[in-house]
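Novice: Produce the complete structure using the sequences and hints provided.
So the sequence lines, in the order shown, correspond to chains V and H. Quick note on full-length UniProt numbering: the first sequence kicks off at 1 and runs consecutively. Quick note on full-length UniProt numbering: the second sequence kicks off at 1 and runs consecutively.
The hints are simulated quantities; they were obtained by calculation from the structure and are not laboratory data. Cβ atoms here follow ideal geometry from the backbone N, Cα and C, with glycine treated the same way. Please note that the accuracy of each hint is not assured.
Said to hold, decoys possible - Heads up, simulated BS3-like pairs for lysine-lysine below, C-alpha to C-alpha not over 27 Å straight-line:
hint: 1; chain 1: H; residue 1: Lys234; chain 2: H; residue 2: Lys244
hint: 2; chain 1: H; residue 1: Lys192; chain 2: V; residue 2: Lys461
hint: 3; chain 1: V; residue 1: Lys483; chain 2: H; residue 2: Lys244
Unchecked claim - Residues of chain V placed beyond 12 Å of chain H at every Cβ, according to the derived structure:
hint: 4; residue: Glu95
hint: 5; residue: Ile147
hint: 6; residue: Asn166
hint: 7; residue: Leu254
hint: 8; residue: Thr289
hint: 9; residue: Pro381
hint: 10; residue: Tyr440
hint: 11; residue: Ala448
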Amino acid sequence: MADPTAFYEPEEDELLSSLSVPVQSYNPDSNEDEYRRLQELEQHAYAQQQLMVAEQEQEQLQALEQVPEDVKRFLVLFHQAILENDLPTITTMYESGWNKLTQAHYSQTEWPEAELISPLVGNDQVFLTLYRELYFRHVYAKLQPTIDDRFQSYENICELFNYLLNSEGPVPLDLPIQWVWDMLDEFVYQFSSFASWRANPKNKNEEELEALSEAQHIWSCYSVLNVLYSLVQKSQINEQLKAEKQGNKTPEELQELAGEYGSKPLYRNLGYFSLICLLRVHVLLGDPTLALQTMEHVDLSGGAFLTRITACHVTTYYHVGCAYMALGRWPDAIKTFISVLIFFIRMKQYHTRSYQYGSITKQCERMYALLAICTTLSPGPSDESIMSIVKEHYADQLAVLQRGGDEALETFKDLFLSASPKYLNVNPPPYEDPTALESYLSNPPIDATQRHLDLFLSDVKAIKSVSNIRNLLKLYTSIDASKLVTFSQGENDNNEEEILQQLMVLKSASRTYAKPQHSETEREISLLDGERIVTNNLDFTIDGSMVHVEETTSHRRFAGFFIRNAEHAQRVFNTIKSSPLPIQRKPTSTTAPTTGGQDKNEPKKAGGAWQPKRARVAAQ
Amino acid sequence: MSVAVPKKNLADWHSPSTRPEVIHELIHGVDRYNPTNLPFMEEYLLSQIKEGTYDLFANLAILKLYQFNPQHSNPDIIVHILIKSLSSTVHGPDFNLCLGLLREPTAILHDIESDDEALTILMPKLTQLHDLIRTCQFTKFWKELDDNSEAYNLLKTRYLPQHASPIDDIRYQFSLSISSCFSSISLNQLSKWLNLSSSQINQYVTENLGWEVQGDNVKVPKNGDNDVKAGVVKENVQLSQLTKLIAAAAY
Chain V
1 MADPTAFYEP
11 EEDELLSSLS
21 VPVQSYNPDS
31 NEDEYRRLQE
41 LEQHAYAQQQ
51 LMVAEQEQEQ
61 LQALEQVPED
71 VKRFLVLFHQ
81 AILENDLPTI
91 TTMYESGWNK
101 LTQAHYSQTE
111 WPEAELISPL
121 VGNDQVFLTL
131 YRELYFRHVY
141 AKLQPTIDDR
151 FQSYENICEL
161 FNYLLNSEGP
171 VPLDLPIQWV
181 WDMLDEFVYQ
191 FSSFASWRAN
201 PKNKNEEELE
211 ALSEAQHIWS
221 CYSVLNVLYS
231 LVQKSQINEQ
241 LKAEKQGNKT
251 PEELQELAGE
261 YGSKPLYRNL
271 GYFSLICLLR
281 VHVLLGDPTL
291 ALQTMEHVDL
301 SGGAFLTRIT
311 ACHVTTYYHV
321 GCAYMALGRW
331 PDAIKTFISV
341 LIFFIRMKQY
351 HTRSYQYGSI
361 TKQCERMYAL
371 LAICTTLSPG
381 PSDESIMSIV
391 KEHYADQLAV
401 LQRGGDEALE
411 TFKDLFLSAS
421 PKYLNVNPPP
431 YEDPTALESY
441 LSNPPIDATQ
451 RHLDLFLSDV
461 KAIKSVSNIR
471 NLLKLYTSID
481 ASKLVTFSQG
491 ENDNNEEEIL
501 QQLMVLKSAS
511 RTYAKPQHSE
521 TEREISLLDG
531 ERIVTNNLDF
541 TIDGSMVHVE
551 ETTSHRRFAG
561 FFIRNAEHAQ
571 RVFNTIKSSP
581 LPIQRKPTST
591 TAPTTGGQDK
601 NEPKKAGGAW
611 QPKRARVAAQ
Chain H
1 MSVAVPKKNL
11 ADWHSPSTRP
21 EVIHELIHGV
31 DRYNPTNLPF
41 MEEYLLSQIK
51 EGTYDLFANL
61 AILKLYQFNP
71 QHSNPDIIVH
81 ILIKSLSSTV
91 HGPDFNLCLG
101 LLREPTAILH
111 DIESDDEALT
121 ILMPKLTQLH
131 DLIRTCQFTK
141 FWKELDDNSE
151 AYNLLKTRYL
161 PQHASPIDDI
171 RYQFSLSISS
181 CFSSISLNQL
191 SKWLNLSSSQ
201 INQYVTENLG
211 WEVQGDNVKV
221 PKNGDNDVKA
231 GVVKENVQLS
241 QLTKLIAAAA
251 Y
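Specialist: Quick look at the structure:
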């Protein structure tokens, strides 16, 4: 399958081979039936295409000639599959065909312009818009986007959303969920990329300055939010999710609730992923409460819809965790990061080939750094396997962080800058007003990331005395505050009042609000909900000036271990039971010995969450 | 007055019971981006100020509208929102959440072409006070608040009088912090932290906080935070964790 041309093998296609003669290899591995079907499609599409091509100008035809044959073939079939809403074919072509051809022909250059290939697809504007979306995504991923690319990409995606939202009734289009997610993900990515590029008026040439002064609306926050909210509203996704959670509606009622648009998978998926994109945008714009509020009805548990797409799963948890960090809810942030990192480690083996694997890995790396921050600020027991990776990657930093002092502050800063989201300014520099722009340049305001860094560091500074005094308290069961004064080094003017104040800070630092696991009332739990919890096992009471220290010890947890292993044993047993009996070599023996050979198949056959992605998509 | 204890959960923080339904709808919908709602939202803030209620999420929605429509920013409203969040919590993220949506005061004023200096003077001051509050430097807080500076005069003449009971709100928040730490505390220390003279403190403690004065000490009722006991955390197995095992056993 490594052969990039393997996807389109035109063995007996006479029409095309009469046009030009690239040598194609036949891939004997490919599935016979599918191959035949593809060929039928191919011929059908090709007949149409012939008509169109004839009408095109000679010049463009020549340019088209330059396009490699397998690419042309791919586009024709791709178009056909989309016209027929043939999801399995679209999925394969989208997930592997496109990437293989990119590798083979366009690793350094753009794909052909949409205008160029339009004869191949009967000048189908919808397809061309989808094609351009892929075209620009490739430019952003592999090349340097120019300002024209940025503008055109914006216009193209707007055209696409316009088509989806403002056609008469829902459009007859269906796309694989991976594509829907990638499209919206890319939309937010290009928005943030443009916003940070625009935020810096330095190093822009005349032309770019002029273009920016004229196009205030391009990639503006309002327009991006507008698209995302429109998709959410059109699909009635919040109402749908809410009703599904309550679980007291029949499928028909749900369908009716979803409405004309929301009952279509395409719109439902668009709406669902828009919620996650809104979460991201709100975090980037520095509004964590609104970010979490947006996710009010989205289920984040293990089997939730968003876990079907690894990139989506990781992004969602990363941003939810970041939002919790901004709220100072460290245990919730830790829990969020750890849960997705565990998932990712298990998932890794199936994903190394995906082209997004790189960016997913990077995001996970960031979460390890954020975990180093969170666990320092709110120490407590957390998953050992993940924490051992954190300790491995950030051993030096963790040591500095725990020592405290100015050096630690510097390390907090470095870790935060490397791992936090790239915060954005809502308002661009005043490109439309040259004099204002000049004064902006001579006296640039603090940028968004710096502002959020400062806020984060103020959180850190507020509890910087905590670890010191906690360590002191560990040594005593009761101690007079005046004695603590003499023991605590550092600032020289420590007096009793100050120690008491620091103790109050310690107290509050070991209390926080955390999202409850189980609701006590009927009301559903949103991400913003929290119950007051104790985060540290060291606690104390002050009686006058006497500090009484109490330490809570926790028993080792056995039940979880036994439950996990019992379930694992059960799965192994089931696998063995369901596999075919081994062929008996010796006809004389009466009991079939269980060979180790069957167990080796076990991980592959285990269904559920760890199934390879393609198999899951096909199963939908 | 019931005994002061920290809130058990955040329900009242993200959806206070005092919030009218119409505001709830507004900040949960797309209409929160509509600048024509600003006067309405600002009015709601003023009613919070007057009645001493607090709705952080509605206030953040106002700041969000300013963020998107800088030309509509109202520095007075911003100061009121900051005072509100300052006086409503000691350790909560509220104040920083507001700051997260604001730019430097000069940039805000530039966009509305205002030369009113109040915001420029007060933002650093309020930030400084916030730092003192969250590090529990209560004595210093009162000193800094009442330092007779320009900022103080501005606060005292222009902003605080509009609030129902800002000083008492802050005092109450401080008491919450103290109550989670102390089972008993000297009257002397308490009067410094709450900025009350020895003649006022007795009355405040018994009437507003429901604590008990015993000679020179104040006894703080047990509230779960100030009466910790060494405990052993035992593993708690939920029935739901066992569903798979029980299902397997059923065969």
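Novice: Hint numbers the structure violates, sorted upward?
Specialist: Hint check: 3, 8, 9, 10, 11 fail, others pass.
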